[in-house]
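As given, the protein sequences belong to chains A and B, one line each in that order.
Under my numbering, the first residue of the first sequence carries the number 1, and numbering increases by one thereafter.
Under my numbering, the first residue of the second sequence carries the number 1, and numbering increases by one thereafter.
Hints may be right or wrong, so weigh each one.
What the hints assert, rightly or not - Only pairs whose alpha carbons sit at most 25 Å apart, straight line, appear in this in silico BS3-like list of lysine-lysine:
hint : chain 1 : residue 1 : chain 2 : residue 2
1    : A       : K250      : A       : K181
2    : B       : K86       : A       : K15
3    : A       : K181      : A       : K130
4    : B       : K20       : A       : K15
5    : A       : K250      : A       : K30
6    : B       : K86       : B       : K20
These are computed hints drawn from the structure, not numbers from a lab.
If you're wondering where the values come from, they're calculated on a predicted model, not measured in any experiment.
In case you want the letters, here they are:
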Amino acid sequence: MLGATVLTVRNLHKKFADLEVVRGVSFEVKAGECYGLLGPNGAGKTTTLRCCLGLTAPDAGEIRLDSLPVPARAREARARVGVVPQFDNLDPDFTVRENLAIFGRYFGLSRGSVAARVPYLLEYAGLVEKADAPIEALSGGMKRRLTIARALVNDPRVLFLDEPTTGLDPQARHVVWERLKRLLAEGRTIILTTHFMDEAQRLCNRVAIMDHGAFIAEAPPHSLIEREIEPVVIEVYGEGVADWFDAHAKRLAARAELSGDTAFCYCRDPEPLLATLSGHPDLRVLRRSANLEDVFLKLTGRDLRD
Amino acid sequence: MTDALRFRHVVYRNYRVWRKLLYASLVGNLVDPLFWLVGLGFGLGSLLPTVGGMPYLQFLGTGMVCYGVMYSTSFEALWSAFARLKQQRTWEGILHAPMTVTDIVVGEWVWAALKGTLSGVAILSVMTVLGLVRSPSAFLALPVIVLTGLAFAGIALIVTAVARTYDHFVYYFTLFITPMMLVSGVFFPTAQLPPAVQAVAQVLPLSHATQLVRGLVLGRPVAGAAGHLLALFLIGLMGICVARWLVARRLR
Numbered sequence: 001m002l003g004a005t006v007l008t009v010r011n012l013h014k015k016f017a018d019l020e021v022v023r024g025v026s027f028e029v030k031a032g033e034c035y036g037l038l039g040p041n042g043a044g045k046t047t048t049l050r051c052c053l054g055l056t057a058p059d060a061g062e063i064r065l066d067s068l069p070v071p072a073r074a075r076e077a078r079a080r081v082g083v084v085p086q087f088d089n090l091d092p093d094f095t096v097r098e099n100l101a102i103f104g105r106y107f108g109l110s111r112g113s114v115a116a117r118v119p120y121l122l123e124y125a126g127l128v129e130k131a132d133a134p135i136e137a138l139s140g141g142m143k144r145r146l147t148i149a150r151a152l153v154n155d156p157r158v159l160f161l162d163e164p165t166t167g168l169d170p171q172a173r174h175v176v177w178e179r180l181k182r183l184l185a186e187g188r189t190i191i192l193t194t195h196f197m198d199e200a201q202r203l204c205n206r207v208a209i210m211d212h213g214a215f216i217a218e219a220p221p222h223s224l225i226e227r228e229i230e231p232v233v234i235e236v237y238g239e240g241v242a243d244w245f246d247a248h249a250k251r252l253a254a255r256a257e258l259s260g261d262t263a264f265c266y267c268r269d270p271e272p273l274l275a276t277l278s279g280h281p282d283l284r285v286l287r288r289s290a291n292l293e294d295v296f297l298k299l300t301g302r303d304l305r306d
Numbered sequence: 001m002t003d004a005l006r007f008r009h010v011v012y013r014n015y016r017v018w019r020k021l022l023y024a025s026l027v028g029n030l031v032d033p034l035f036w037l038v039g040l041g042f043g044l045g046s047l048l049p050t051v052g053g054m055p056y057l058q059f060l061g062t063g064m065v066c067y068g069v070m071y072s073t074s075f076e077a078l079w080s081a082f083a084r085l086k087q088q089r090t091w092e093g094i095l096h097a098p099m100t101v102t103d104i105v106v107g108e109w110v111w112a113a114l115k116g117t118l119s120g121v122a123i124l125s126v127m128t129v130l131g132l133v134r135s136p137s138a139f140l141a142l143p144v145i146v147l148t149g150l151a152f153a154g155i156a157l158i159v160t161a162v163a164r165t166y167d168h169f170v171y172y173f174t175l176f177i178t179p180m181m182l183v184s185g186v187f188f189p190t191a192q193l194p195p196a197v198q199a200v201a202q203v204l205p206l207s208h209a210t211q212l213v214r215g216l217v218l219g220r221p222v223a224g225a226a227g228h229l230l231a232l233f234l235i236g237l238m239g240i241c242v243a244r245w246l247v248a249r250r251l252r
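Excised from the complex, chain A in its bound form (with noise of 0.2 Å):
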């Protein structure tokens, strides 16, 4: 059930130097929702993030966290939130208990308080059993599922977490994911951002497309496949394809891409486009429903960003 909102943005602007990052984003995020921001690499997701938790001031635009204005009051905002960072900031010095029990103190609970709340959080983590081991003997996925135990420290009911799965092996991918199921099935709500597709399409029950420093799409994940793109893809690869696209692709298929040796070819009916495949034995071909990937590239493009 969603509730009331828990994030307001409005018309949010952030330059550094002179590269205006944000360009004017306005989004709202209810309770119980997992809203996810998506965008190539420099799109300004992560700053859209830090701006809300007032971790950067904006130079415009207003904010309010749990209804109360940010960066004014960001840092009483952020007793109540949990926040899971891009990258890894857990405390090389201290144990996987330790580092809970730390984290715990700045947010001014007590030691006790702290105490009684350890052994769930290693237990949600999947670290009973690595405790008092040091950070440095964890894998990447056991840190990364240790930072969001860490997040859960004050008992958040707002999560924000920037690229959670970015580097983890598909295996620890998946057991991240169930993590986070578990929160949005306790009530709780995750704003993340992402550059995985299936993860958006998975988690999340709104997403929005963000390219240079504005949104380009917003909408639940399954109505923005239906909105923007055509029901199904065929894929053909192999040598020779440079030929088929020209001669059938383009005139077949609603809207055809060549990328490298590979025709993307996004239709409503496929079945004229796959009789033309009949006569090429050498072609390989690959059909499946459109899904959120293929809005991604449509609307950012397939040229490489760094």
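Chain A is fixed; fit chain B onto it per the hints.
Just chain B now, kept in the frame of chain A:
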């Protein structure tokens, strides 16, 4: 407790790390100055008549107290603080909690001064055991030691806030700390120096500290004591204010 004391969480964090390395740290604080005092003091001291109107061991010991404070404080506020700022991203992590840049920088400032104080007190204790402390006013050296720590912590945090790599600290040590150590009356009286150098030495924080501590430990009046105290206080205050501003700019 009140908001103004939130910096104590940072002090507590650093204390917990320090406690893990307690023995190594105490060896550094106690044994190192003991070797210096015994080696230089007895060795060089036996060749010298009185220095600055006192046995050389007393002269050197009081200088070493201030040198120890400066060294420990600077090391903590440079290398250790920089590790927490850059390599370990510890400060960044703390900012994700309801803490501010001011809380962090003030916490580091106080912590570095406390480590310096521990060094100074350790050397003073060694001197007491060796029978070199001549006056109960030595107890009043404690606030001077704390103030000296705050002054050096403030300056060092400015350097940390602008440093890009650890290598930058070599400039600070080689061009500032080492010459200051040589001209501030730690090993020999400043009266031995050319007048131009003396003039510069007079305004250096270590000079203020050695004059105050030497007087208090040996029970002699210190000329211009209020001025020395005020100078140390203002250097520390300027340091923490500038460092806070620089760190806020760097982490925004």
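Outcome of the hint check:
For a cut-off of 25 Å, the pair hint linking A/K250 to A/K181 is broken: about 41 Å separates their Cα positions. A C-alpha spacing of about 23 Å is found between B/K86 and A/K15, which places the hinted pair at or below 25 Å, so the restraint holds. Taken as a hint, the A/K181 and A/K130 pair is honoured in the structure, with Cα atoms around 23 Å apart against an allowance of 25 Å. Among the hinted pairs, B/K20 with A/K15 is inconsistent with the structure: their alpha-carbon atoms are about 43 Å apart, more than 25 Å.
Simply put, A/K250 and A/K30 have alpha-carbon atoms about 43 Å apart, too far for the 25 Å limit, and the pair is violated. For the suggested pair B/K86 and B/K20, the alpha carbons sit about 22 Å apart, so the restraint of at most 25 Å is met.
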